[in-house]
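Let's have the full structure, built from the sequences with the hints guiding it.
Residue 1 is where the sequence shown starts when you use my numbering, and the numbers rise one by one after that.
Derived from the structure by calculation, the hints contain no laboratory data.
Only a predicted model underlies this, so the values are computations on that prediction, with no experimental measurement involved.
Where is the CB? At the ideal position from N, CA and C, for every residue including glycine.
Where hints are given, some of them may not hold.
[To be verified] The calculated EDC-like cross-link candidates involving lysine to aspartate or glutamate, where the alpha carbons are at most 16 Å apart (straight line), are:
no.	residue 1	residue 2
1	K2	E94
2	K2	D20
3	K15	E71
4	K88	D61
5	K88	E101
6	K88	D98
7	K15	D61
8	K88	E71
9	K2	E71
[Said to hold, decoys possible] Derived CB-CB ranges, DEER-like:
no.	residue 1	residue 2	range
10	R84	G56	33 to 41 Å
11	L76	G14	46 to 54 Å
12	P46	L102	32 to 40 Å
13	V23	Q79	31 to 39 Å
14	R92	K2	32 to 40 Å
15	L49	D98	25 to 33 Å
16	L45	T107	24 to 32 Å
17	A5	L76	21 to 29 Å
18	P46	L97	53 to 61 Å
19	L45	Q79	38 to 46 Å
20	G68	A43	18 to 26 Å
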Amino acid sequence: MKVLADRIVALGFGKYVRADNIVALVPIEEERGSGRRTLVYVAGLPEPLVAGRTEGTILRDMVGAESGTAELLRELQLQIGQVRPLLKSSIRSEAGLDLDELSRRITDLTGEQASPQMF
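Okay, structure coming up:
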């Protein structure tokens, strides 16, 4: 996951921090109550900030939805690479779905080459 440098993350309670200044996220376990709270360690601050959001929610805001999308595309490309050529041909003929073309487009979007095919 890559933290987006130009992103401002809302911590709740009227607090906002630049994503690239967040150094650590620690869930508050004790006395958490019904809400979700997190200690947020920020570069340059001596004490952590208390956030009114879960560490997972803050992390998703730090990396943006794009990160999850890229991970999904990489997984899809890996799965496509495991489909045998004869089945790919059959899928292309029967459903009009070109898995090799999808794999090429994923490579273009992510900038990462497809893994070597299994078959």
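Evaluated hints:
With a CA separation close to 39 Å, the supplied pair K2 and E94 exceeds the 16 Å bound. With a C-alpha separation of about 10 Å, the suggested pair K2 and D20 falls inside the 16 Å cut-off, and the hint holds. Distance check on the hinted pair: K15 and E71 sit about 29 Å apart at the alpha-carbon level, beyond 16 Å; violated. For the given pair, K88 sits about 37 Å from D61 by alpha-carbon distance, which is inconsistent with the 16 Å threshold.
Taking the CA atoms of K88 and E101, the gap is about 11 Å. The hint holds against a cut of 16 Å. Of the supplied pair hints, the one linking K88 and D98 holds, its CA atoms being roughly 7 Å apart against a limit of 16 Å. Distance hint between K15 and D61 is fulfilled; the C-alpha atoms sit about 14 Å from each other, no more than 16 Å. At most 16 Å may separate the alpha-carbon atoms for a hinted pair to count; K88 and E71 exceed this at roughly 23 Å.
Simply put, K2 and E71 have alpha-carbon atoms about 11 Å apart, close enough for the 16 Å limit, and the pair holds. At roughly 37 Å, the beta carbons of R84 and G56 sit within the given window of 33 to 41 Å. Range check, L76 to G14: about 40 Å between beta-carbon atoms, so the 46 to 54 Å window is missed. Between P46 and L102 the beta carbon distance is about 50 Å. The supplied range of 32 to 40 Å is therefore violated.
For the hinted restraint 31 to 39 Å between V23 and Q79, the CB-CB distance of approximately 35 Å keeps it satisfied. R92 and K2 have their C-beta atoms about 34 Å apart, which keeps the hinted 32 to 40 Å range intact. For L49 and D98, the Cβ-Cβ distance of about 49 Å falls outside the hinted range of 25 to 33 Å, so the restraint is violated. Here the CB-CB span from L45 to T107 is close to 41 Å, at odds with the stated 24 to 32 Å.
Between A5 and L76 the beta carbons are some 27 Å apart, a value that agrees with the proposed interval 21 to 29 Å. Checked against the given bound of 53 to 61 Å, the beta carbons of P46 and L97, roughly 56 Å apart, stay inside it. The hinted range of 38 to 46 Å is satisfied by L45 and Q79, whose Cβ atoms lie roughly 43 Å apart. Separated by about 25 Å at the C-beta atoms, G68 and A43 satisfy the suggested range of 18 to 26 Å.
In this structure, the hints that do not hold are numbers 1, 3, 4, 8, 11, 12, 15, 16, in rising order.
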